[in-house]
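First to last, the sequence lines map onto chains A and B. Using the working numbering, count along the first sequence one by one with no gaps and you end on 546. Using the working numbering, count along the second sequence one by one with no gaps and you end on 546.
These are computed hints drawn from the structure, not numbers from a lab. Do not rely on the hints blindly, as some may be mistaken.
[To be verified] Computed list of lysine to aspartate or glutamate pairs in EDC-like fashion (alpha-carbon distance at most 16 Å, straight line): (1) 499(B) to 170(A); (2) 33(A) to 501(A); (3) 146(B) to 208(B); (4) 499(B) to 169(A); (5) 146(A) to 169(B); (6) 499(A) to 208(B); (7) 218(A) to 247(A); (8) 30(A) to 521(A).
There are 2 protein chains.
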Amino acid sequence: MRHLLLAATALFALAPAAAQDKKTDKSAALNSILDQGMNHSEVMVTAQYMADVIGPRLTNSPAMRLAEGWTQSQFSRWGLRNVHKEGFEFGRGWSIERSSVRMLTPRPIQLTAIPIAWTPGTSGPLTAPVIVAPMKEEKDFAKWRGKLSGKIVMLTLPGTGDEPDEAPFRRLSGDDLSKLDRFQQPTYDPAATDRRLKRLDYAQKLDAFLKSEGAVAYATMSYRDGKLVSGEGYLFGKGETPALPGVQIAAEDYRRLARLAKVGPAPTLEINSDVRFDDSDTQAYNIIAEIPGTDPKAGYVMAGAHLDSWVAGDGAADNGAGSAMIMEAARILAAAGVRPRRTIRFALWVGEEQGILGSMAYVEQHLATRGGAGDGAGGKGMQRYYGFSNRWPVTPLPGYKDLTAYFNIDNGSGKLRGLYAERNPAAVPILREWLAPFAAMGANTVALRPTGGTDHVFLQQIGIQGFQFIQDPLDYESRIHHSSIDTFDHLKAEDMRQGSTILASVLLSAANADQALPRPPLPTQPAVTDPFAYSDDDD
Amino acid sequence: MRHLLLAATALFALAPAAAQDKKTDKSAALNSILDQGMNHSEVMVTAQYMADVIGPRLTNSPAMRLAEGWTQSQFSRWGLRNVHKEGFEFGRGWSIERSSVRMLTPRPIQLTAIPIAWTPGTSGPLTAPVIVAPMKEEKDFAKWRGKLSGKIVMLTLPGTGDEPDEAPFRRLSGDDLSKLDRFQQPTYDPAATDRRLKRLDYAQKLDAFLKSEGAVAYATMSYRDGKLVSGEGYLFGKGETPALPGVQIAAEDYRRLARLAKVGPAPTLEINSDVRFDDSDTQAYNIIAEIPGTDPKAGYVMAGAHLDSWVAGDGAADNGAGSAMIMEAARILAAAGVRPRRTIRFALWVGEEQGILGSMAYVEQHLATRGGAGDGAGGKGMQRYYGFSNRWPVTPLPGYKDLTAYFNIDNGSGKLRGLYAERNPAAVPILREWLAPFAAMGANTVALRPTGGTDHVFLQQIGIQGFQFIQDPLDYESRIHHSSIDTFDHLKAEDMRQGSTILASVLLSAANADQALPRPPLPTQPAVTDPFAYSDDDD
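In isolation and in its complexed conformation, chain A is listed as follows (with noise of 0.2 Å):
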């Protein structure tokens, strides 16, 4: 503390009188963000709007074409510029309606069950015997070939639950935050993403073995238990819908139908899974909301988050909490009026659910593009996600090097701790510089180590520094991601006022900074880490 006072001293003492300006103006805009942020906070608004009221957000579902028109107005109505929705080709529209699975022998009760996503509904109650019949891949089939006929198919195998030993919610210490500062070697294995690739028509295959038998429906297992039970179904292509409707049936009902069906009668259940499919647009959006730079040619900085959901609960956590920040953050600097140099740019993405969709097409249409012809660039579905990586060459279109830095935030709704630095110690000095003002705050970690998953990947890969916030976990990998309490009530306000005050800082730093981030340069085809390496896939 003595130390940073000394050195802010020393720093007064010495600046020129354009340095000493544009110091004050630095601080009047740093005091206004932290008023906004913090004394005039509607983030929680934003978030409960976007959880309770539209609620759960699968991408064109007509919940998500409300968010799209909602997100918009809003951003207009705090004034931002620019603001637009970019459309890209993706799927079906497909959204619950109404839906129960109930066992009626040997006894009857009422199971936790959800509909697996863009499978058909049942035309009214279904009732069929069901069938433990695990199956993972397509060897597995012939076990079940001739019976299966009018059976509900229960695919996965059952196992036990799960002992609870570790406390679900919890917040990053120091010492778990200093583990995280630490450079991870990349890898490269392009034949493990064909395997994925070859794996990836299971689902289709499944269906149609599942039909040719004459099964009338099959269930999955929730992987959480806890009668929590979450999203899942790949299958929102045009022309790729199942046949078979699908549940997906809480672990503790699963089980309890699996032991039931091993010591005597198979149980019979009723499903009734009323589901609407709408076709009427096929285009996914992604939302964009600008505040202008005063340099036009100084390009842009961005943050992003996905703004679509699974269905099993509101996607209040996943990803309503970061698209709450990104919108509060734009709404904190739109508000405190800061004219900074560069374009600061919000993107709300949408089909990251699906294989980081909606960011990938904000790469393809703004930034570079992968491949040559014929090697799955178009590709649809999960495979446009595992193909991508993988094309080359990187190709950069005209803006590419206007986009200086992208922030993601997808890590649930915890309090944000600092930054990763994702693989580049180039960008750690000035990271820190943009969070010192935040220690106070517990949020001035900048950690090495790289994270995945999320809508940053796609940007780095083609050379773009994309950084994601690192957050405290809270209870969002325990029990909240996917699941269906992922619900507003798990969201804590304080971390979410905090998170989108630091967030509108740091895109204002980054915007304002002298000299643009150092890039790293254009990405072409890695060596094959481990060329001697046997799989157990191949075959």
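Please arrange chain B on chain A, whose structure you already have, making use of the hints.
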């Protein structure tokens, strides 16, 4: 270890022939018990049938009637004697055939909810808007008069979610165990009982108020979060049945409704509660079975667990586990062919969840009566529970002296770690001796602490030595107890085998003990612990 060996050698050297034979018999019996309990266990088969096939066993429900018959036939099949049921007046049978609660506006969503026990059904779908009208005592009615007509009344103040920052699943450490060994002074405050009795009619007053105001149904919030619902509802007596259907809604769903109602038009719910009453027999039945003793004058020892459960889950840990351990101990002892000096009686209690009514009935039928005429004896429902402890004098029945020790199991499905000596230091060395063979199974703690809330308390209150087993907590209190995940898959087979084996051995030791346990004096009305205290409830 060495010390024990020396002691054993010394005993051999000094023991006369008869004692030597007795010791050999004891070892042979212990080995047979271990062999049956560990190598030929049926405890999980018993528990699975009870939880999965029969399901939850609300007292007097059709499932409980099945359980009454099935448990008796199992006892008989295993060679137990004097297998029979003992009835007492209880109330109505009630069961759920089908149940669904949906939010219709502002968007369709299936809620997690359960009908409140012994409330009437809805006669098809009931659709109405909600009103959040928190009430918990009669004086709260005034605030809501004239506002409830046509509404589904949400009675619980929503509050906020918890932060589960402790591990839900745990076992007792040595340190935990040592902390249990403390004498806790008893307290006595008959005024508190009077106040409780006065409040008991609140549920009926609330129902009458809601009905008179034209409300159409009511909803409460589950006291756990994580989408768990649990059992509640105590108006089980004939003539007590409420007019309005009631549902308990999962916390996440309830709080969402409350928030929506706060910020916009009240959401509309559709409740479809198809429940069934059965008044064909208003008696509830304890199940009794025995291994006869060789000395008709030596009395009997008894172990019990309650067979009844709530209906949100399957009553697996509460208390299918305890019931299965009691049944398995009976099977083990029968299969081991033991011929104990005292009779060993096994009891499966009912009505425990409605006020420990089954074991109370046993006390009144076999052991002692409490109080004189006109002071609450034979009162109905929960009044009996609160009134019983406060009726004086205790008048022993002819069978009073026959019961020399009672052992209760009702702390979930965790393995046994020892016995609560329940404020009885004179019993400690004897209990220690009986548990000594099980040190290596982690079950040799004897802790002076008293425990309450289950079927040994009314025996203790009349001066019978009732003990409860210490058990590893697992995730019983944290998430299983009374909840919708009280299912078989949360039981641990190794724990259940250990428990049944040790219970069998302890029972045999108690039945064969040279002397009965030292019995406390006949309880008389104690001094009021703090006659100078005022209470918030004084009015």
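Structure-based check of all given hints:
A threshold of 16 Å between alpha carbons decides the hint, and for residue 499(B) with residue 170(A) the separation of about 10 Å falls inside it, so the pair holds. This hinted pair does not check out: residue 33(A) and residue 501(A) have alpha carbons roughly 24 Å apart, beyond 16 Å. The hinted pair formed by residue 146(B) and residue 208(B) meets the criterion: a straight-line CA distance of about 14 Å does not exceed 16 Å. At roughly 11 Å between alpha-carbon atoms, residue 499(B) and residue 169(A) fall within 16 Å of each other, so this suggested pair holds.
For the hint pairing residue 146(A) with residue 169(B), the CA-to-CA distance comes to about 46 Å; that exceeds 16 Å, so the pair is violated. A C-alpha spacing of about 39 Å is found between residue 499(A) and residue 208(B), which places the hinted pair above 16 Å, so the restraint is violated. Distance check on the hinted pair: residue 218(A) and residue 247(A) sit about 14 Å apart at the alpha-carbon level, within 16 Å; holds. Restraint check for residue 30(A) and residue 521(A): the C-alpha separation of about 13 Å stays at or below 16 Å, so the hint holds.
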